[in-house]
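Q: Could you put the whole structure together from the sequences, leaning on the hints where they help?
Numbering (full-length UniProt numbering), first residue to last: 1 to 364.
Hints are computed from structural coordinates only; laboratory data are not their basis.
Please note: incorrect hints may appear among the correct ones.
With a cut-off of at most 20 angstroms between alpha-carbon atoms, the simulated DMTMM-like pairs for lysine to aspartate or glutamate come out as follows [as the list claims (entries may be wrong)]: (1) Lys28 - Glu204; (2) Lys30 - Glu199; (3) Lys28 - Glu181; (4) Lys28 - Glu184; (5) Lys295 - Asp323; (6) Lys295 - Asp314; (7) Lys28 - Asp186.
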Amino acid sequence: MARVRETNCQSGLVEGGHGTAAAPEVAKEKERRAAEATFARALKRRAGEETSGIATFMIRGPVPVIDALDHAVTTLAHRLHDHLPEPTGPDDTGPTMDQLRVQAVALLAAPHLAEPHVCGSGGDADGGDATAGAGDDSADARPDGPQVPVPDLGSTDLRDLLPAVSLVVHVYAGPREVSAEGEEVDRIARVAGHGPVSETWLREVLGRYARFDVRPVLDPEGLAPVEAYEVPARHRRAVQLLAPTDTFPFGSTGPTVQLDHVVPWDPHGPPHSDPRPQTGVHNLTPLSTLHHRLKTHGRWQSAMPWPGVHLWRDPHGQVYLRDTSGTRQVTNQEAAASDAGETRHTVITVDLYEPTFRLEYEAA
1 MARVRETNCQ
11 SGLVEGGHGT
21 AAAPEVAKEK
31 ERRAAEATFA
41 RALKRRAGEE
51 TSGIATFMIR
61 GPVPVIDALD
71 HAVTTLAHRL
81 HDHLPEPTGP
91 DDTGPTMDQL
101 RVQAVALLAA
111 PHLAEPHVCG
121 SGGDADGGDA
131 TAGAGDDSAD
141 ARPDGPQVPV
151 PDLGSTDLRD
161 LLPAVSLVVH
171 VYAGPREVSA
181 EGEEVDRIAR
191 VAGHGPVSET
201 WLREVLGRYA
211 RFDVRPVLDP
221 EGLAPVEAYE
231 VPARHRRAVQ
241 LLAPTDTFPF
251 GSTGPTVQLD
261 HVVPWDPHGP
271 PHSDPRPQTG
281 VHNLTPLSTL
291 HHRLKTHGRW
301 QSAMPWPGVH
311 LWRDPHGQVY
321 LRDTSGTRQV
331 TNQEAAASDA
341 GETRHTVITV
351 DLYEPTFRLE
361 YEAA
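A: Here you go:
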């Protein structure tokens, strides 16, 4: 019997959008109530709870704000990690990335303190300590050197203060539907990784925090492959939209997904069976670093009948079908009754169909 496991990023892709489209007024009311429920506050300590000097600050806000904050904290935490001193011994492990992220939040709360960490200058011109000493009478002592200007929040565009974060928004650009009352029906858009939203939400939320780059929607079959080993940006984007997750059996999203040539790239040219250039959507698939190594060195075999659909054979002979709906095991292993103790496999029939693809990409 075929096995299917649906990843978190694949679940609800259709149901959520259909529910929003079927009841647009209900969806808009949910978005309005969710927008009113945003907050950023320190959580109060419960009665009798021992905090041990630790507290919690929670933020609930629009998608672009949270993504921008996460990007800023992650970037600053990695910069702090790059400035850590070398370990003095095997037991000197240093702070964890989560601890560095907390320090990054503290630096974001006081921008003038982040300057030495960002620019790499921790002292004054004479090489002395730039921090205020314990005997200073001034509570507002500041290190010498250039000061970070504080922006005028009343006249500064909020979009100029947020870090650069890319959100992919899929919007239908066709004619609008009209309700029985003669009003235009609010269409449904989809924010990649976050789900369906109404166009009103896009205007009221993303319109305040984002700048839009409109890209054309094109047929990926018209994206000509190239012979170079390096993957062009337009091909990378096309592959990521066709297969947004790791295409290894039961794979999901991850921070280290890379594009791999299904048929290994050959500097002497493509094989005679497929004379097309080797780098294109027909021969590229996203894999994590571990799964990439398993395919290269771990005796796993793979084939891609067409973009987005993969067949995998593990070292024991089991075959898996991997597509956008999940992973199916297409062979059943049975204990052999023969004296040789060989393993037999019963093939399960799986119907395959090639869907029509349309995706957006940025031309180079």
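Q: Which numbered conditions among the earlier hints are violated in the structure presented, ordered from lowest to highest?
A: Of the numbered hints given earlier, the structure breaks none, since each of them holds.
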